[in-house]
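Assemble the whole structure, with the sequences as input and the hints as a guide.
Residue numbers (the numbering used here), protein chains in the order written: chain A, 1 to 308; chain B, 1 to 402; chain C, 1 to 311.
Honestly, I wouldn't trust all of these hints.
[As the list claims (entries may be wrong)] Simulated coverage check for chain B against chain C, where a stretch passes if three residues somewhere in it have a Cβ under 8 Å from a Cβ of chain C:
| id | segment |
| --- | --- |
| 1 | 79–92 |
| 2 | 114–122 |
| 3 | 162–168 |
| 4 | 186–195 |
By construction, these hints were calculated from the structure, which means they are not laboratory data. We treat Cβ as the ideally placed atom computed from N, Cα and C, and that holds for glycine.
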Amino acid sequence: MIFWIKATKKLNPPANLFMLDPAIIFASVLNGLTTGAVYALIALGLTLIYGVLHIINFAHGAALMMALYGVYFLHEKLGLDPYVSLPIMVPAMFAAGYLLYRGVIGRASHGKDENILLITLGLSIILENAALYFFKSDTLSIDTPYTLSTVNIFGAMIAVPKVVAFFGALATTVVLLLVIGKTSLGRAIRACAKERQGARLVGIDVDHVFAMSFGIGLACLGAAACFLLPAYYVNPQVGNGFVLIAFTIVVLGGMGSFVGALIGGFLIGVVESLGGLVLGESLGQIGIFVIFIVVLLFRPQGLFGARA
Amino acid sequence: MTQRRQFLLNTAAVAATAALPLGARAQGAPAIKVGVLHPVTGALAYSGNLSRLGAQIAIDEINAAGGIKGMGGAKLQALLGDAQSKPEIGVAEVEKMNEQGASAIVGAYASAICLATTQAAAKYNIPHVVDVGVADQIVTRGLKNTFRFGPGYKITTEAAINNLHIMNTVARKPARTVMIIHEESLFGTGTANLLASQLPGMGYEVKEIVKHANPTRDFNNIVLKMKSINPDIVIPANYYNEYALLLRTMKQQNVTPKAVFSVLGGAASSFKFVKEYADAANGVIDVNHWYNPKDKRALALRKKVEAMQGQFYTYEVFLNYQCVYLLADAIERAKSSKREDIINALASSTWDKHFMPYGPTKFVNGQNTGAMPLTMQVLKGDIKVILPNTYAESEPVFPWKA
Amino acid sequence: MRSLAAIAILVVAVAALPLFVSSGVTLGFVTMVLYATLLGQAWNILGGFGGQFSFGHAVFFGTGAYAMAVLQMRFGFNAWLALPCAMALGAVAGTLLGALSFRYGLRGSYFALVTLAFAEVFRILANTFDFTGAGVGLQLPLQEGAGAMQFAGETGYLYLALALATISLLFAWWLKHSRYGAWLAAVRDNEDSAAALGVNAFRVKLAAITVSGALMAAGGAFYVQKFHYIDPHLAYGAAISVEALLSAIIGGMGTIFGPLLGAVVLHGLGELTRNSLSSAPGASLIIYGALLVLIIMFMPRGIAGLFEGKR
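This is the structure in structure tokens:
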């Protein structure tokens, strides 16, 4: 047996050579960018909610989970392609967000940040277990014609759904920038984000603006779910895996900054990807949080945020 | 309640039922309470609910067939418990079951929860049948109340290595290099450590060991690594979601090793995976808990489970099903619902009316010594046992040509 | 003084409980309530009294838990010696984290997020090194006996939890009645004006997070002794951070008995809902979450707020 090992040893390249292979690094970076795009989509909604309401929305992951179920059932029951579901899911999630804020969060918070935090925590417990109760604990996924297809980008094979998500994230950011920058609602949102008392004094219905912001925040999740599901899955706990990373991106990009969330998402995606390549998938995650801590300590306004 | 009073009550009950005709007797015998404890909410909800399903089917069947005959047809009554995927909640549930008068407990799926619940049950001398809990520490602590029917990860991993070696030798050793991909908690890490320490001794080179988190959102990196290492065999040891993403990504990246050979989980022990990802599943090999495919009772149960809306016949289901039957057999022989008697009956169990490939039951230090996993492969869209030969339905296809 | 008397009554009542009650469920429930009180009070000292919100108290909990297990298993420490060492390490972790984040002036949600990130970093590290058992975790060997802090019955753990919870309550009482406590309150209410009055805000906050870390570490050490197993997820997972802040906020932040009230209500609700709907997975937790939301809706200042009247 020893002889046999010696005989075949030459056929295999040394295990650590691949680390230097530029093709792998290129593919890993591309993969990080496309994965980061999905993170960015989730972070976009969070950064808006954070920037305007100054609350940490613990229910963000649970809301993403509900959106994913929405996309799943539209596909299974009505045969709708996830991308065709976009015009349904985005308004639906917007309405859910608006009503949730009007009905529960705004009413229960009494203007206290720690209360909003606990309300969103309570909501996430309710949503997660409602999903468990109604949809059972199974992991569900959908099969589309393009689930397993890939695009060859200079030798790197990138899954089609991830390429779509990449452009989806870009488009969503542009739309958000237009809504916030060019519309009267956007002006009101910006006013409330900067100075809520002042906004109230000039006659802006602050509660309405907050509810709209929360609605838009969840609408982003509706889009994120449409782009995510073809390459992923849904179960009652699925959102938890994305919450922390979305917070990291929001902080990195600057709370309230859409461009920051987009670039932060790409950055975190690439760091995660390369970190996984160099340090191993489990330890590689540490890069994300080290960046997070360093940014918080030395540049808490984030890469693209203005100092609060 | 003191034992004396319990004894008097039991005697009275027996005396009373002895005088009654058979039909009424079944009604009169006091129910035997069995704790059915699983993590049915939280991160482990999927497995926990399947486990509960298996136990409940068994209890219903036993009751429908006349209950515990040695005790005047006494019915089994399930005390359902939810460990909420947390050890401390599992312990609180054991306390509750103790006061509700549980004669025994079946559960609690996850190793970390089993470690806590077996010990809490030991305090009250409640017999605890461990359904899955593959960590071997569960049965090596000298707890007299703990009985594990299935194999631990050491036995399973050793069987995996042996079977891999047999297949490779028969095929004239086309495979030599290995890449291990495992989840980061107790089961994946423990399995990977065993594999990594034993495979080199049998002539395999472990090229890479990748540990990943739960959940891991993306497997492209791991598959890129795989591409450059080009291992002959890929050994995953992880949970369903991550396994599914891994195989899907391998398909996308067009990586085709000579075998995907997973330990304790994977496509070839999951009808759900085979159904949902028929393409990616083809040819995959698993070493896992599995039933004797030639046993009609196992197939009957499969039919029963698959007739239910959206349910799959998984190892959680049939292991719990069998654990309840194991317990019922012990109660039958003990002719008593007393914990001490049931523990003694379990310890001396030689139960062989199961459909697992274990042979007659024999517990040594709480571990069923005959327990072993089987090796399966997905062939033509179905799961077939390929090793060991006694149970094999098909010849292994190795190396696999995509 | 009325608060001190109340603490004394609590201690006597709980200490006498095993004489009248033998139910493992009841004793276990009280034990877990006291344990949750300890966690909540640890959080409350920094978050409630000091106004520094932490989302990552698991970082101290896990440090205490791992210290307790590692010192016993790798260095042969006796459990009773390991407990103060674990608390000391928790204090050190608190000082370091505090020094770093307060030096850079992190407040509000920035501080909350940095603690969260530290807990994650520690989780990943514990998951990586063999020293902490990596992903396999550490399994404390069974060694029953009070000398090893592994009690045969529930009573021993009840007394241990009572002792630790009482220490935390007494510290909270001291905060209410000491000059240091007044400084801490001043820093919480307005850091700049406190500084103008000559209070060294940095050192005041640092002391608070140090004590908070030590108490939280005691909670981790207790967990290891009671459940004999720890892994990175149990030690440094977000669940434990949430548990700590939940009982403090629900009960009433910055109050002596808030964490105790919160712990009683939360664990009581947990038990009730879990017992009532055990056959429908998820249903009990839906109700639990809904009750949580309702409590916050109608008691914005926590349960303790009901007793204090309008401010």
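Results for each hint:
| no. | hint | result |
| --- | --- | --- |
| 1 | 79–92 | holds (count 10) |
| 2 | 114–122 | holds (count 3) |
| 3 | 162–168 | violated (count 0) |
| 4 | 186–195 | holds (count 5) |
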